[in-house]
Each structure stands twice: as structure tokens, then as C-alpha cells.
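> Each chain is listed here by its residues.
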Amino acid sequence: MSHPGSWLDDAGSLVSDASVWINLVATERADVVLRASSVRHLITSTALGELEAGRAKGRRTAIVIAELIEIGLISEVALRPAEEETFLGLVAGPISKTLDDGEAATIAYALGSGSVALIDERKATALCGNQFPSVKVMSTTDLLLSQAVQSAMTADDLADSLFRALLVARMRVPEHHLPEVCRLLGPERQQQCRSLPATWRRPPDARLAVN
Amino acid sequence: MAAVTGSLTPEALGELLREARENAKLTQAAAAQALNVARTTLVAIEQGQRRARIEELQKLAALYRVSLNVLLRQDGVRVDLRPRFRKAGEDDQEVESAVALLNSLVQAELELENLLGIKRARNDPPERPLLPGNVILQAEQDAAELRQWLGLGMAPIHDMLSLLEVQLGARVFVRQLPARVSGLYAFDEEAGACILLNAAHPRDRRTQTGAHETGHFISTRRAPDALYSDSPEATREERYANAFARCLLTPARAVAARFQDVTAGAARLTRRHIIILAHAFGVSREAMVRRLEELGLTKSGTWDWFADHGGITDEQAREVLGDAIASDPAKGDATRPVSMRLSLLASEAWRRGLLSEGQLARLLHIDRVEAREMIDEFEEEGAVDDESPWLLA
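Those protein sequences? They're chains U and C, same order as listed. Note that the numbering used here has the first sequence beginning at 1, numbered continuously upward. Note that the numbering used here has the second sequence beginning at 1, numbered continuously upward.
Hints should not be assumed to be uniformly reliable.
[Claimed, not checked] With the C-beta cut set under 10 Å, the calculated list includes, among others, these residues of chain C facing chain U:
| # | residue |
| --- | --- |
| 1 | Ala-61 |
| 2 | Val-70 |
| 3 | Glu-189 |
| 4 | Ala-200 |
| 5 | Thr-298 |
| 6 | Ser-300 |
| 7 | Thr-302 |
| 8 | Leu-344 |
| 9 | Glu-348 |
| 10 | Arg-352 |
| 11 | Leu-354 |
| 12 | Asp-367 |
| 13 | Glu-373 |
| 14 | Glu-379 |
[Said to hold, decoys possible] Residues from chain U that face chain C, not an exhaustive set, calculated with beta carbons under 10 Å:
| # | residue |
| --- | --- |
| 15 | Ser-19 |
| 16 | Ile-22 |
| 17 | Pro-94 |
| 18 | Ser-96 |
| 19 | Glu-103 |
| 20 | Asp-120 |
| 21 | Leu-127 |
| 22 | Gly-129 |
| 23 | Arg-164 |
| 24 | Pro-174 |
| 25 | Glu-175 |
| 26 | Leu-178 |
| 27 | Arg-183 |
| 28 | Gly-186 |
| 29 | Pro-197 |
Rather than coming from a laboratory, the hints here were simulated on the basis of the structure. Glycine included, each C-beta is placed from N, C-alpha and C at the ideal position.
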């Protein structure tokens, strides 16, 4: 297993997309996760606006994020002129080659500020990798499995956080983290998580039979 | 602050901004005030005489409730059915919301088809503009002609929705609408005939509405139609569409023949007769009786007599028909945040990496978690994996 804590130690700040904040709030331990990692946590005004739109549907993410901003665990940031140019390049054009505003703003800010971008979205991650290879893109799972976060909560709490993010927010787990996430969840809980790939929701014996 | 560059000309961008403002129902003065500029500056931006700055664009996009990605999309299919209805004088608020829904569904479907390279087959029937004279007679002739063109003969139409979609190539959506709105029809050169039907209405009423809108597709193709309680019925166009629906669903000769069979040996017209006849033609009991009255097969005022004497209830229909009552899958589909057909297209576009989660959510007017739930449904076991058989080209 790799040491997922190392990337976080090197990151000065993390700017996270709406896709990540939805997952973190669903863990019901967002404050513990943010406090555990000794970096600045940022959200762009654009991503925040996207979450705000969810209030009308009764989603809690924007309410919790507002509280976390209030107590200083998250800072809201706006794009600067150079970042706006990058942002515009990511939203204007053919739909297959562009991103939604929140995703684009997160990448543009990460590029301009040297922050690590936290995005749980595969098109945005792929597009960022192609166009801006210097931007480091990580995921919610990377953060939750980091040494800093693992040190701040018990294994049971970590497993419960992962379970809630998967169950409530349908969090996506990068393929290389699947063995570790499923080990923490245990077979009963992993079968309930419909955002896990089908083969990982089967009991281990059945999985071996298919593979 | 940087001015907007890229392949969009200032004129094209100005036009997009004007459309977005009009759809948000804002005046130039209100938009200028929100932007903290003079109205003349906003006019200059919309006319392409002054380039909008990014900060201004972001403010305008937020004010018009669209994303910049949607506003600045350069290969997107842009269908806007709303001005057609506005021009036709439809200013009822519930109808306006239904028009906005139809527009977003058509836009999403076209955009997804475009992304996936799907070319939808069109099969527009021959157009028959209204002629001088008796529109009821014309409707009867045109309905008979359409039946012949479709090869239906005198057979009942049991699935109006499939007939519209598969045989006529129309885009039909069944979603929950306010009770008083029955349906909408609009035609766009790119999208073809677009019809929205109310899932809250019983299947036979939706059939009637679908046939009514087909009448508009035949006769007044390029004029939009909204059918709702209190909508004007006095026009020739509406009288034609109503008559067309009756003649298409319940052709005179077929009704007379079936009526003879069903009532053979009977001295009186009973509820049982009406239930069986309505079921045979897939129309409501009221529509059936009124058609019998129109064709002189029962005396005028028959339906009113039944209505005054307790009507003909669903319970009575269930007693007569039992298991023969058809299920209503469209009603079930309408309870999903996104219809099955759009979900399939959207999930495939996401799977191919053509849409991000944010774009997908915005296109379908759902939130991120709903988008993930929709994708998961199609990523379930058995949906797509490496061992799934390839489709034949």
C-alpha cells in the first residue's frame, strides 16, 4: 500500500469542487476531516453558488459549508484575472471539451494559486490532466484515507464516514483505492453501496469466481 | 478585468445574452441596473458593439439563471420553443411553466443525441393546412387519410404514444403537469414535432390529448398549441384538432360496426356497453358516449343523463374489464426525476466522458446526487461491462 499522507503534507492548500464537498458533508465528520489536515481548505464562489442551488431541493451541503466557513475551517475564494482567463477557456467551447462552471473554477483556481485540486469527477480530472499537467488532482477518498485523517479518527469512524459518503452522496472511489475502502467497510456495508462498481459489491468469494 | 475572447464573435455573444435575458423575462434596464452600468452599455453589449468582460458575463449569467458553460457553448443545439408560445399569446403561468419544461426536455434530448452522434428518424406526415369551409368535415377526411398513410385501416389505436414516437417520429414526453394542463405541441425544424402530455391525467385522456396535438401537427404544423382547461375552443384550428382527435381514435365506420356487435340484442344502452366500447377504442367513457351521440348512434344528451345518474365509475369499469385494463408505464416513468429514455442517453454520454457530472446535472435540471443515482442505475450489474455483447452495427 502507498502512503497516502505524503501528498497532503506537501500541499499548501486544497481547493475542492462541489463533487467533493457533497461527499465530505455526507460523512457527517467534515469538521474533523478539515481540522485533521493542516492545510487551508478553499472553495470557489462558483462552486459554492452551485451548492447553494441545492438548498431549494432540501440538500444540507450548502448549510453545513456556510457553518464551516463561519468558523474558519473553509475559505471562500474568488478567481483573479489570470484565473478567469483559464476559467473561460474551460467553459467556452464544445460541450464535450468543456466543464461546468464549478468544476472549471476549481481547476482554474488550483492552477493560478498552486493549490491541490480535489475533484471527484472523471471528465474534469482527465481534462485537467491533459491541459494542465502541473495541477495535482486528488479525490475525496485520497483525503479520507490520508494519514492525517486516519490519525484523527478511529477505524470505525473512518469506515462509517466512508460508508455515509458512499451511501448518501454516492461518492465515487478511484479504482486503486477500492481494495482499501472495501476492507474498511466490510462485506455487509460494501454490498449496500451502489456507487461502488458492481464487482466490488459482490461478496469476496463471488468476486473471485467472476475474476 | 479581461474581455471575452475565443471563437464567439461579439455579435454572436450579444445575441446569446439577449436571448438569455428575454428567457429570464428581464428588461434591459433591469439587467443594466444589476450590472451597475447604463442601459445603453447593455444595449451595446447585446448588439456586439462592446465586448462583455468576464466579470460582467458571470453577473449576467447568474442574473439570467444559466451557467457560463451553457451560455458560451459553441456546438450546442439551441432549440427555443418558448418565443413561439409567447408570440401565440400564451401567457397563462402554468402553461408557461409547462412550455419551459418541454423546452428543457427537447433541448436536453437533442443535445444528448448530438453528443452521441444519434440521428433520429423523422417521418413527418403530409401537411394538410386548413381550407375554407367546414373544418369538421376536413378533420374527418384528414384523419382517415392519416390512418391510411400509417396503414392502420380501421383498427383501434391502443398506444397513441408509440404511434407518435415510432411511426410519426415525434418527440413525446410524459411528465407531471398541473391538473388543468393537458398537453403542449410545438414544431421545430431541427427537433421535429414535440409533444408534452400530462402524466397526472388518465391514460385515455392522454391518448385524446395526443390525438388532438396530432391534429395540429397535420393542419397548423408551425403554430404551437397549448391545451388546457379554459383554453380557447372557438377557433377553427381548435375545432379542427378536437374533431381530428375524435375521428382518428374513433373512426365513424369502426365505431358503428363495434357498436352493433356490442349492443346486439339489447334494448337499452348500458354502462357495460359504454365501458366495453371505450376500452376497445382506448378512449374515455365520456369521449366514447359523445362520439356515439355525434354519430347518431345514441340520442343527444346521453352522457349528461349518465353524469346526472352517478356517472360511470372506474370501479364499474374494473368490474367489467377485470385484468383487461392495460398498465400505464408512462405514468410510472414520469415519477422518475429523469425519464428512462433521457437517463439512458445521459448515462451513456457520461460513460463516454463526453459530459461531466456538473454538466449532466445542469442539462437535466437535477442535482449532483440525483445525477449520481441516475448513473449508478445504469452502471448496475448487468448494465454495461466488458462481457456485454456488442450491438450489431
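> Against each hint, give a clear statement of whether it holds in the structure.
Here's how the hints hold up against the structure:
no.	hint	verdict
1	Ala-61	holds, 8 Å
2	Val-70	holds, 9 Å
3	Glu-189	violated, 21 Å
4	Ala-200	violated, 21 Å
5	Thr-298	violated, 51 Å
6	Ser-300	violated, 51 Å
7	Thr-302	violated, 49 Å
8	Leu-344	violated, 18 Å
9	Glu-348	violated, 13 Å
10	Arg-352	holds, 9 Å
11	Leu-354	holds, 5 Å
12	Asp-367	holds, 5 Å
13	Glu-373	holds, 6 Å
14	Glu-379	holds, 7 Å
15	Ser-19	holds, 6 Å
16	Ile-22	holds, 6 Å
17	Pro-94	holds, 4 Å
18	Ser-96	holds, 5 Å
19	Glu-103	holds, 5 Å
20	Asp-120	holds, 8 Å
21	Leu-127	holds, 8 Å
22	Gly-129	violated, 12 Å
23	Arg-164	violated, 13 Å
24	Pro-174	violated, 15 Å
25	Glu-175	violated, 14 Å
26	Leu-178	violated, 14 Å
27	Arg-183	violated, 21 Å
28	Gly-186	violated, 20 Å
29	Pro-197	holds, 7 Å
Figure legend: structure checked against the earlier numbered hints; hints not met, in rising order: 3, 4, 5, 6, 7, 8, 9, 22, 23, 24, 25, 26, 27, 28.
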